[in-house]
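There are 2 protein chains.
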Amino acid sequence: MSATTTSSVPVPATDAAHAPEPDVVELVNSRARAAREASRALAAATRAQKDEALVAIGAALLTHSESILAANAQDLRRGEESGTSAPLLDRLRLDLGRIEGLRDALEELAALPDPIGEVIRGQNLPNGLRLRQLRVPLGVVGVIYEARPNVSVDIAGIGLKSGNAVLLRGGSAAASTNAELIRVIRETLSLHGLPADAVQTVDDGGRPAARAMMTAVGLIDLLVPRGGHGLIQDVVQNSRVPVVQTGEGNVHLYLDADASAERSIPIAINAKVQRPSVCNAAETLLVHADAAETGAAVMRALAKEGVTLHADQRSAAWVPEVETVPATEVDWITEYGDLNMAVRVVDTLQDALEHIRSYSTGHTEAIITDSVSSQRAFIAGVDSAAVIVNASTRFTDGGQLGLGAEVGISTQKMHARGPMGLAELTTTQWIVEGDGHVRS
Amino acid sequence: MSATTTSSVPVPATDAAHAPEPDVVELVNSRARAAREASRALAAATRAQKDEALVAIGAALLTHSESILAANAQDLRRGEESGTSAPLLDRLRLDLGRIEGLRDALEELAALPDPIGEVIRGQNLPNGLRLRQLRVPLGVVGVIYEARPNVSVDIAGIGLKSGNAVLLRGGSAAASTNAELIRVIRETLSLHGLPADAVQTVDDGGRPAARAMMTAVGLIDLLVPRGGHGLIQDVVQNSRVPVVQTGEGNVHLYLDADASAERSIPIAINAKVQRPSVCNAAETLLVHADAAETGAAVMRALAKEGVTLHADQRSAAWVPEVETVPATEVDWITEYGDLNMAVRVVDTLQDALEHIRSYSTGHTEAIITDSVSSQRAFIAGVDSAAVIVNASTRFTDGGQLGLGAEVGISTQKMHARGPMGLAELTTTQWIVEGDGHVRS
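Just so you know, the sequences run in chain order A and B.
Residues 1 to 440 (full-length UniProt numbering) make up the first sequence, in order.
Residues 1 to 440 (full-length UniProt numbering) make up the second sequence, in order.
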């Protein structure tokens with residue numbers, strides 16, 4: 001089954017799930033090979049070409065908003081018929097305002113510096129060799145994600161800007177919308193002299209296509225899973241293609257002995273309540289035993305905001321008037337993603353660090369303190385992607401940290417850690433220029 | 001079987017190979033946990049502490065040279081009895097001069113800048129948040145290597161300098177030497193207030209210990225295989241711990257249309273003949289059809305140096321007086337590692353790039369040309385860790401490129417590419433400092 005044949009006879013995702021595995025493997029591999037070919041042209045494209053194409057794609061999404069919204073209406077209807085929950089339907093829904101948002105994001109991307117060609121290190125060696133280390137694209141990036149059509153446009157844009165071809169496997173619930181978005185993107189790329197195959201979907205391969213991406217060693221350079229815990233763990237555990245693990249956040253907020261209620265309450269509320277479902281929202285509150293008064297005030301404030309506190313015995317005793325749930329070991333490892341929060345009292349900053357090291361997913365940990373020694377010890381003792389001092393955990397975000405667009409927040413140590421932006425979608429290449437040099 | 005019990009009752013490697021798997025897993029895991037604990041102290045150590053310890057280890061190796069050479073004599077005797085080849089015995093052999101070489105390397109390492117704490121990026125954000133991205137150690141690095149006792153000292157030193165604890169699994173042929181070297185290193189660390197468990201061997205776990213390292217997810221942060229193709233592929237394909245793939249080099253030297261014999265001959269000889277067994281030695285010579293005269297001269301010069309040329313029909317016809325072997329597809333993919341070399345004529349630079357992309361392992365490719373356009377096209381078209389212009393391929397080496405000590409040459413795109421030195425054994429951490437900041 002060649003890519004061309006498949007494209008001309010679209011297979012509904014539900015049928016394709018039962019397609020013989022070898023056909024899907026061949027479908028994914030042939031598209032990855034076409035993506036590799038396209039990635040070469042993309043790597044050689046100038047910044048001006050890429051930025052013009054990004055702006056043009058934004059404009060084309062609006063020009064084609066009618067067909068995009070019609071495709072989206074089909075997905076929404078299918079979702080409603082199959083009893084999809086209201087929040088999921090909301091994530092699936094596009095409207096003119098949201099398409100304008102996608103266009104704005106593409107224009108912001110165009111305004112960011114081009115990571116490709118950046119000289120990271122370089123020097124003239126004693127023997128006269130000239131040495132440079134350059135940023136170059138990875139090549140082909142695969143992304144497996146859930147039913148959020150905006151991700152298709154985001155990733156296509158980030159891939160284009162960083163010179164990478166992308167292979168997309170979106171959730172089948174958004175299949176019609178994704179197909180139309182990707183059709184518009186590919187058409188615009190062609191109109192701007194860039195290869196359409198730089199952006200491809202394997203949605204028509206159904207669920208087996210995700211599995212086939214995980215085994216496309218040598219064809220896909222990097223696979224990024226975006227979605228819930230199940231999806232991420234499936235990819236991390238089964239992929240033979242390199243993976244960057246993103247977005248699992250069992251995030252801690254620690255109130256040190258001297259933390260004031262005045263500073264701690266707004267930060268705790270912002271960290272927990274502003275957007276509880278995202279990965280940088282706080283999940284556990286650790287309080288130094290000497291900060292009992294502040295701890296109690298923060299607990300009362302959180303409860304008033306509707307947060308259910310899973311409190312250990314000591315912290316529960318601080319607020320007898322607040323209804324709390326007794327905390328168990330399970331609470332320490334839980335990323336609630338909603339208005340629940342674990343609370344634990346610790347006797348020392350070292351105990352807080354011990355708790356964090358035992359239960360954290362390595363995303364973000366925050367401390368509230370005015371002690372220089374505590375700040376220093378906390379930064380030195382935390383082994384997570386981000387350490388935040390006297391501010392909300394919600395700042396661990398590419399946009400908030402001034403890094404621009406991001407693919408996700410990496411919680412692993414290899415290759416990329418923290419917000420994964422354009423630079424993190426590159427690798428490097430050493431260029432050595434001589435004049436007949438041989439090694440002695 | 002706890003680490004302590006095992007240490008006090010050393011198990012010969014040959015017996016341990018038959019030990020029940022769960023015991024070996026527990027042995028490796030418990031040492032990895034001790035290494036994690038030690039890595040925290042190491043991460044907090046000052047540069048002065050680390051450098052003093054490096055110098056002291058170098059001195060201690062000489063102080064204990066008698067016991068080290070006695071252990072080495074045991075390994076050599078065992079090797080001779082079991083019919084080990086002369087080159088392997090040579091790699092296994094230590095003498096006073098080689099121990100002095102190890103000490104010198106440790107002193108050079110001490111002189112290199114400390115990668116830890118380096119601020120890679122940083123800025124004050126518009127809202128007043130202060131942002132820094134710092135280099136921090138990975139944590140625990142595992143290395144699986146063959147019977148070269150110098151690797152044990154090299155890796156312990158590189159690990160110490162970069163703030164990482166190391167878990168070593170060396171070849172069983174060097175078990176006695178490694179045990180004594182590691183004993184001396186651990187003793188010296190303790191004497192200098194650093195944790196002995198920052199350097200540990202799992203050699204007493206035998207072959208299953210290597211397998212156990214590959215499954216120690218969350219306990220070992222990075223696994224580096226150093227050795228032949230079989231070892232590397234075994235680790236790359238079976239490890240669930242992140243791996244950096246190093247040292248496979250199917251390296252190409254391309255003579256462009258205008259390449260002169262004067263410049264090409266010394267470079268070709270240096271690239272192929274100086275040290276044929278290493279990964280940056282050239283394996284295939286590609287020659288532009290218009291450079292027939294230069295190509296013939298280079299082939300004659302290589303043949304004179306004892307190189308057997310596996311030539312395609314066109315290049316063989318250039319040198320009827322030289323005895324060549326007809327090249328087949330197999331020659332294009334072979335990393336000979338000895339005085340054999342493939343030769344192929346290409347009609348264009350693009351054909352050369354096509355050949356390289358099809359058969360290269362992504363290590364190093366060199367071009368000889370005086371054409372600016374050719375240089376530009378070659379750099380843009382090669383997707384390997386290093387591109388070398390008008391110089392020998394043998395320069396792809398951490399020491400030669402002024403990067404200092406290296407763990408190996410990474411041929412992968414993720415995390416590290418090319419010579420893998422101290423910086424490549426680190427990850428980064430974002431530090432965000434606020435003054436009560438919340439996200440709006």
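Any given hint could turn out to be false.
It does not matter which identical chain is meant; a pair holds if it fits inside one copy or across any two.
Straight-line Cα separation of at most 25 Å, SDA-like style, residue types lysine to any residue; simulated pairs [said to hold, decoys possible]:
#	residue 1	residue 2
1	K304	R439
2	K304	S440
3	K304	A380
4	K304	G436
5	K304	R226
6	K304	E335
7	K304	A73
8	K304	G193
For the record, the hints were derived by calculation from the structure and aren't laboratory data.
Numbers of the earlier hints that this structure fails to satisfy, in rising order: Those not satisfied are hints 3, 5, 7, 8.
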